[in-house]
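Undergrad: Given next are the chains, with one letter for each unit.
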Amino acid sequence: MPPILEVDHLVKKYGDFEAVKGISFTVDEGEIFGLLGPNGAGKTQTISMLTGVIEPTSGTAKIGGYDIHTDMDEVKKINGLVPQDLALYPTLSARSNLNFFGRIYGLGGKELKERVADVLNVVALTERADQAVEKYSGGMKRRVNIAAGLVHQPRLLFLDEPTVGVDPQSRNQIFESVQQLNRERDMSIIYTSHYMEEVELLCNRVAIIDEGEIIALDTIKNLIAMLGGGVIQIGLTQVDETTLAELTALQGVQQASLAPQPTTLPAEDDQEALEPERKHDMVKIECEDSQQALVSLISYLNENDLNISSMEILEPNLESVFLHLTGKKLRE
Amino acid sequence: MKAISVTRKDLQVFIRDRGAVFMLFLLPFAFILVLSVVGQGIEFGAESEDLLPLVVVNNDPQGEAAQDYLAALEDTHTIEIIEEEQGDVEKRLNDALLGQALFIPADFSADLDAGDQATLELRLHPQYDQAKVMVIERALVQASREFLMMQYLNQGLEQMREMQAANPGADETFSEERIRQQIETQQVMADERPLIVVEETTPAKPDEEELNLPTFGQHIVVGMAVLFVFLGAMNTAVSLFREKSLGSFRRLMAAPISKSALLFGKLLANFVLSTAQIVVILITGGFLIQFIGVEPLDITNDPLGLVVVSLVIALCATSLGIFIAALAKTEKQVSGLGSVLLFMAGLLAGSFVPLFMFPEGLDNIARVVPHYWANQAYYGLFFRGQTLLDIWQYIAMLLLFSLIFYGVGLWRFRYE
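Residue numbers (the numbering used here), protein chains in the order written: chain A, 1 to 332; chain B, 1 to 416.
Hints in this document: simulated from the structure, not taken from any laboratory.
Just to be clear, a hint being listed does not mean it is correct.
[Said to hold, decoys possible] Straight-line Cα separation of at most 20 Å, DMTMM-like style, residue types lysine to aspartate or glutamate; simulated pairs:
{"#": "1", "chain 1": "A", "residue 1": "K62", "chain 2": "A", "residue 2": "E74"}
{"#": "2", "chain 1": "B", "residue 1": "K259", "chain 2": "A", "residue 2": "D71"}
{"#": "3", "chain 1": "B", "residue 1": "K2", "chain 2": "A", "residue 2": "D73"}
{"#": "4", "chain 1": "B", "residue 1": "K244", "chain 2": "A", "residue 2": "D85"}
[Claimed, not checked] To be clear about the criterion: a stretch of chain A counts as covered by chain B if any three or more of its residues have a C-beta under 8 Å from a C-beta of chain B, and this derived list gives those stretches:
{"#": "5", "segment": "46-58"}
{"#": "6", "segment": "80-91"}
{"#": "7", "segment": "182-196"}
{"#": "8", "segment": "200-213"}
Using N, Cα and C, we set each Cβ at its ideal position, and we do this for glycine too.
Only chain A is shown next, with the shape it has when bound in the complex (with noise of 0.2 Å):
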């Protein structure tokens, strides 16, 4: 079966500015795909330029077999978007803002109401379809804004950071109606997220986006297992060469190296930074075994007088794997 998705070097300059840097990637009919980036890092760019609300500089993509430049009418009748923005009427009633989302998308008469009716009870909000939204909860009104996405009943769902203000309840009935829909009626999602254990709980496969780059792509598994049994982070002073090649050799270590240092120069003033030797290193220790790895490099720390300022164990999972990545956290 083709990918009802295929994107070719995807690129979005403002200016000098480039928000997207030629991005490729594909997802496949039925697939819950996630990009997983921190805000900013162009995931809804790229969203954008998929649903036809903003041009591609150069670059292209394939939905459903049409292409975005020349049959975006087409596109637009596969694709359904859920903006990150509450995109709904609040004076309007749930079923008033779904009536009118559906004749946008040439619905009407029977066939409309039916749809709505439907949409209503993926998202659970039948018995307060004719309430105005502005009096629903946060999480009803997040709950709205994907029915409005679902009324035409698209192929391909964008769903733009969907749990953003929402409270756990809420947001375990979105979890389960993106779940219901890609079971039930086997439709492709591409789910974007700063939340990385949304990602890992929906996703079959997921793109990290940073700074409009793709910098790694596959299932969640394969991502997780690069951290082979977790990272060590641990703030050293005099760190050097030899103390590097000594900690990799440790046992359960795979790997140690220099974490990325902050790039902001210090104040003018600040005459203990502008020192010439820094005082503390970020030491980055990959393990096969986390537990072993720490006990030895205790040892080993203790042994050779070394001090330590800081220390933060990170268990395998898709955060440390951006961190590993970037050097900067997900939520930063």
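Given the coordinates of chain A, work out where chain B should sit on it, guided by the hints.
TA: Frame of chain A; chain B shown alone:
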């Protein structure tokens, strides 16, 4: 059909917005009722201390009738006569340095003495303010009637004197009934066969019989209709801004609806609301205000003209909305700065105080705002007895404003 869906949705949103409903329908209603009651005692052109200057070229300076006519004109208490030389006046008129001048021909008194018709020439610059033209015309008609009445009475009395002289024994010649009959006969003659005719060079010349200066209440109906319909442009602008801030534009752009259909649907909703607003205001001014003792506006002069002018004004106000939305950066700018500017434009264009009461020169500045042309179009229909064909230039100006607003709006408007 998708554009109609947008229109339908916008109307649903509007109906649920109590503030907007109040602003669009109840506020102008309240303004009209309050201002027309407060201003009931005001009659334009009657007791004004600021007389309208009228340049007069009297080519019959020795003629008794010419002198009497000018005296009658001054007695209207609306005109200040400024006598000047023909050559200088002609030059200033040709150079567009003068808006109006009245020419009294050399044989004016001789013609009237002989019982022939005499013609006065009122030369008007095409761009001269129509409201001031109305004041001058009204004064000329009033002066002509008073002057001719005196002339006919004198003639009638002279005839009776001659009859008495011919029949000194007839007691009934000077009876009260006889005198009354003679006065009535002269009155009929004055109306049926006016001896003084005023010729204008103004293209849109109204019928003298239909000249009708508005009462303050009537003026306020027109002024508020124009002011509030253009204030409705803010609703258009705010509605466009809210679509952006809600993110619904983004969702709609991902749907199979073109930007032009989307914008058209939104503008159609506001066009419908503006039209409904005009209907409500005109019903108030043309019918309802009589129940509070205020003379209603006669809106029946040219129904086709009224419909066309109202639709064009609604179109212009709607286009102004997208223009404002395109230039403003925030919704606060629209509702704050926008309302102040639109109120000022209405004030400048004579929506509160009629233009003919403005100081000389200020009325020319008013031409830069569409409110001015809207006011002029309604004034033409309601108070100058003009029809659609007579006011085409005002409609053309409103359409031109609409085109500019819509063009700039489409060019500058950002959907995100």
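Undergrad: Next step is simple, just say for each hint if it's right about the structure.
TA: Right, here's what the structure says about each hint:
Restraint check: the Cα-Cα separation between K62/A and E74/A comes to about 11 Å, which is no more than 20 Å; the hinted pair holds. Restraint check for K259/B and D71/A: satisfied, since their Cα atoms lie roughly 16 Å apart, inside the 20 Å limit. For the proposed pair K2/B and D73/A, the alpha carbon gap of about 14 Å is at most 20 Å, so the pair holds. The straight-line distance between the Cα atoms of K244/B and D85/A is roughly 10 Å, inside the 20 Å bound, and the hint therefore holds.
Chain B is given as covering the segment 46-58 of chain A, and this holds because 5 residues of the stretch bring a CB closer than 8 Å to a CB of that chain, at least three being needed. With a cut-off of 8 Å between beta carbons, the segment 80-91 of chain A has 10 residues touching chain B; three or more are needed, and the interface restraint holds. Check on the segment 182-196 of chain A: 0 of its residues sit with their Cβ under 8 Å from a Cβ of chain B, so the three-residue criterion for coverage is violated. Given as covered by chain B, the segment 200-213 of chain A fails the check, having 0 residues with a CB less than 8 Å from a CB of that chain where 3 are the minimum.
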